[in-house]
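Q: Residue numbers (the working numbering), protein chains in the order written: chain A, 54 to 221; chain B, -17 to 197; chain C, 8 to 421.
Errors might be hidden in some of the hints.
Estimated spans, in silico, between C-beta atoms of each pair [unchecked claim]:
#1 C:Trp391 <-> A:Asp67: 49 to 57 Å
#2 B:Ala140 <-> A:Pro209: 52 to 60 Å
#3 A:Thr175 <-> C:Phe201: 41 to 49 Å
#4 A:Ala102 <-> C:Val54: 34 to 42 Å
#5 B:Ala61 <-> A:His186: 49 to 57 Å
#6 B:Pro68 <-> C:Asp181: 25 to 33 Å
#7 C:Leu73 <-> B:Ala64: 20 to 28 Å
With a Cα cut of at most 30 Å, we get these calculated BS3-like pairs of lysine-lysine [said to hold, decoys possible]:
#8 A:Lys101 <-> B:Lys172
#9 B:Lys39 <-> A:Lys101
#10 B:Lys39 <-> A:Lys124
#11 A:Lys124 <-> A:Lys101
Bear in mind the hints are in silico, worked out from the structure with no lab data behind them. Quick caveat, the model's predicted, so the values are computed rather than measured. Ideal Cβ placement from N, Cα and C applies to all residues, glycine included.
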Amino acid sequence: MADGDTLNDPERRDFLTKATTAVGVAGAAAACWPFVSSMNPSVDVLTKATTEADLSGIAAGEVRTVSWQGKPVFIMRRTEQQIAAMQASKGGFDPEDDQKRVQQPQWLVVVGLCTHLGCVPTRGDSGWLCPCHGSVYDDSGRVTRGPAPKNLEVPPYQFVAADKIVIG
Amino acid sequence: MKAPWKAMGLLLLSVVTIPAWATEIRLEKIRVSADLSALERGAETVVTMCLGCHGLKYMKYRDLGKLGIAQDKVDALRAGQALDAPLLSQMPADVALQSFGIVPPDLSLIAKARAGGASYVYSFLLGFHVNAQGIPDNRVFPGTKMPDILGVSSADDAQRAELQGRALDAASFLAWVADPRAEERRNMGKYVIAYLVVLTVLLYLVKRRVWARLK
Amino acid sequence: MLNKTIAWIDQRFPLTSFVKHELTEYPTPRNLSYWWNFGFLAGFVLVLQIATGIFLAMHYKADINLAFDSIQHIMREVNYGWLLRYLHSTGASAFFVVIYVHMARTLYYGSYRAPRELLWWTGQMLLLLLMASAFMGYLLPWGQMSYWGAQVITNLFRATPFIGDQVVIWLRGDFAVGDATLTRFFALHYLFPFLILGAVVIHLVALHTVKSSNPSGINLAAKDNIPFHPYFTAKDFFGLGVYLIVFCVFVFFLPDTFIEPANNIPANPMQTPPHIVPEWYFLPFYAILRAIPDMFGGVVAMALSILIFAVMPFIDRSNIPGGARYRPVYRIMFYAFIADVLVLGYVGAQPPTGFAVPLGQVATFIYFAMFLLLPFISKKEEQWLRARGLPPALQELFEQRSPRQKWNNGEGGK
Chain A
54 MADGDTLNDP
64 ERRDFLTKAT
74 TAVGVAGAAA
84 ACWPFVSSMN
94 PSVDVLTKAT
104 TEADLSGIAA
114 GEVRTVSWQG
124 KPVFIMRRTE
134 QQIAAMQASK
144 GGFDPEDDQK
154 RVQQPQWLVV
164 VGLCTHLGCV
174 PTRGDSGWLC
184 PCHGSVYDDS
194 GRVTRGPAPK
204 NLEVPPYQFV
214 AADKIVIG
Chain B
-17 MKAPWKAMGL
-7 LLLSVVTIPA
3 WATEIRLEKI
13 RVSADLSALE
23 RGAETVVTMC
33 LGCHGLKYMK
43 YRDLGKLGIA
53 QDKVDALRAG
63 QALDAPLLSQ
73 MPADVALQSF
83 GIVPPDLSLI
93 AKARAGGASY
103 VYSFLLGFHV
113 NAQGIPDNRV
123 FPGTKMPDIL
133 GVSSADDAQR
143 AELQGRALDA
153 ASFLAWVADP
163 RAEERRNMGK
173 YVIAYLVVLT
183 VLLYLVKRRV
193 WARLK
Chain C
8 MLNKTIAWID
18 QRFPLTSFVK
28 HELTEYPTPR
38 NLSYWWNFGF
48 LAGFVLVLQI
58 ATGIFLAMHY
68 KADINLAFDS
78 IQHIMREVNY
88 GWLLRYLHST
98 GASAFFVVIY
108 VHMARTLYYG
118 SYRAPRELLW
128 WTGQMLLLLL
138 MASAFMGYLL
148 PWGQMSYWGA
158 QVITNLFRAT
168 PFIGDQVVIW
178 LRGDFAVGDA
188 TLTRFFALHY
198 LFPFLILGAV
208 VIHLVALHTV
218 KSSNPSGINL
228 AAKDNIPFHP
238 YFTAKDFFGL
248 GVYLIVFCVF
258 VFFLPDTFIE
268 PANNIPANPM
278 QTPPHIVPEW
288 YFLPFYAILR
298 AIPDMFGGVV
308 AMALSILIFA
318 VMPFIDRSNI
328 PGGARYRPVY
338 RIMFYAFIAD
348 VLVLGYVGAQ
358 PPTGFAVPLG
368 QVATFIYFAM
378 FLLLPFISKK
388 EEQWLRARGL
398 PPALQELFEQ
408 RSPRQKWNNG
418 EGGK
């Protein structure tokens, strides 16, 4: 039996072996990428990015919920009083102007997922209340009571007609 | 002991190639075009002439854009349908059954589903003729219910040349539809093989050096 | 830091001693040729199949209405889905190439002989598990060939005496191959590779008990062994590199070689494709099945053609050690057997008409005749060789008191 002739012997670990090991390990690591990437959303999921929402038939003060990318989106037609009230305040923990959160003041479009842990807030007389941990949002979707840290997300959307928007 | 290896190699080769020459139909061998303009023309031909009866259900209009076809051309082809809509047949299945007695097969994989691949599609499109009984038929698939969509059986020589071009474009497009990631795959393959050759050479050198320690 | 951790583990778990004994310092005959690389390669292919299979299973849908579409989804829309799929489909064929070469090596060099009978039989168990996994996996794409291949092969169980019909229905979960069949084949196809993994461990335990044979067939003296690491780790990795090059040429440039065109058509229970063909690795056995005109006889012959390998340690009665190296008649039989299997493979791919039928029957006859004749031929050959005069290496062996080697490798002569 050849004596103690192993690659574990540091002095024998020559450059060729080191280089080969490095090349091999690099290849093995690169080979892992397709497996990891295959778990990311596939092409068809990524293109399901836009949803058309019809605004007709929503009465003043009413909220309609639509689905976008599998998430609920609140579309609210705000009354004059609600608009005025929202424009007058800056919100709560996450101060933001109401005008920055809407494209047309009477239409509020926000993602209906609480920014705390993702539950869907329920509509109250005014604003929303999240049943999971009690976060409160105003009629601009801004958080006024925690534990939610941020205002409800405003998704990208655009008006393609007076009564139609495309979200995403 | 070289002779047995040669014999085995020959035997193996013959076994592998025999299925390839088992098809009795003579196909015209074509080289599928990877040229974008050919694929564009092919897409146009297929969408305007084939979608009337056939579907391409695994293709979406958005994918035509990914092929490289300009957005306005894609919009013209989809004629108001959503970008994410699949290219479905315009003829409902029950109507097709009534008219033809068979539902025309979906063409998404046709270039892979026939022995001979794209050459089969090409030869089939050009294989229409009027047989001895005066009935329209196809040389490649006798008894087909499909009509002579390109008008091959009544074409003169000049027209036939043009039809050959259209059939080649259509077959090339359908080959792409059956395997849209082919180019990406081959590209990646070049790098992978190159890397493996380098690594294997290094591994061989390491092996030699290790074994040199013996004796 | 690392050394301290390992020392901590070593006090509680035989990590270092196990790795040293079974891998690093494990004694291996120094004269092993590259034909001995294929066991390691089989292990690699198994791991790759399991990895690609699990990631494919994240997107595959085992429902007859969704299965075919889910494969197209994987091929067209899942990131690198096409790569996972082609790795898996090519890997299945690669697995059989590697295993058949591995088996051929064992037959050629007589590595199935005492004391390696259990090693041979655990290998046979692995082959059966692999064949079952491959058969079930082939149904999953739900193409025309998938469906009709499964329909035909599950039909064979009708040959079971008395309860044949019930067995077939029980297997399928339905009167014909259907959704119930697909779902259970998916469940079992996911399971079997892990059974294979366990059986591989048993196979390796058997191997490490008797140690590897070697090309000469004569057990070497202890001094002629070398540690597995670095010699055979280096050699195995180099072999792996060569294998990966060939493998990747198929995956990236010839990926549809092993996918039947008819399998690109969704399964249609109302219409059989004109030419049903199993995957290439089943062709010889398929030919044997069809060679016998009687259904029950065909099934028995096919089963026997796989199981008969088990008797190899007993029917090889020569006292000349090893396999073909010192036994020219055995060598000819080996090559003839390989040629016969190739002919059977060709016959299996043909429609059962014309000259293919008698060719298949002759080839089947020869196949079994080889096994039946080996006991006599091996004994006759030994007599002939001894009368002729044995080479020195063998001569010494026979001068020892017990010529029949019962010793493990490393316990041989001087």
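Q: Against this structure, judge whether each hint is valid.
A: Here is what the structure says about each hint:
Between Trp391 (chain C) and Asp67 (chain A) the beta carbon distance is about 52 Å. The supplied range of 49 to 57 Å therefore holds. Between Ala140 (chain B) and Pro209 (chain A) the Cβ separation comes to about 55 Å, which falls inside the hinted range of 52 to 60 Å. Between Thr175 (chain A) and Phe201 (chain C) the CB atoms are about 46 Å apart, so this pair conforms to the stated range of 41 to 49 Å. The hint said 34 to 42 Å for the Cβ distance between Ala102 (chain A) and Val54 (chain C), and at roughly 37 Å that hint holds.
The supplied range of 49 to 57 Å is met by Ala61 (chain B) and His186 (chain A), whose beta-carbon atoms lie about 50 Å from each other. Between Pro68 (chain B) and Asp181 (chain C) the C-beta distance comes to about 30 Å, which sits within the given range of 25 to 33 Å. Leu73 (chain C) and Ala64 (chain B) have their C-beta atoms about 22 Å apart, which keeps the hinted 20 to 28 Å range intact. Note on Lys101 (chain A) and Lys172 (chain B): the hinted pairing is violated, with a Cα-Cα distance of about 33 Å set against a maximum of 30 Å.
Taking the CA atoms of Lys39 (chain B) and Lys101 (chain A), the gap is near 17 Å; set against the 30 Å cutoff, the hint holds. Under the criterion of a C-alpha separation no larger than 30 Å, the hint pairing Lys39 (chain B) with Lys124 (chain A) is consistent with the structure, at around 27 Å. This hinted pair checks out: Lys124 (chain A) and Lys101 (chain A) have alpha carbons roughly 12 Å apart, not beyond 30 Å.
Hint check: a violation occurs at hint 8 only; the rest are consistent with the structure.
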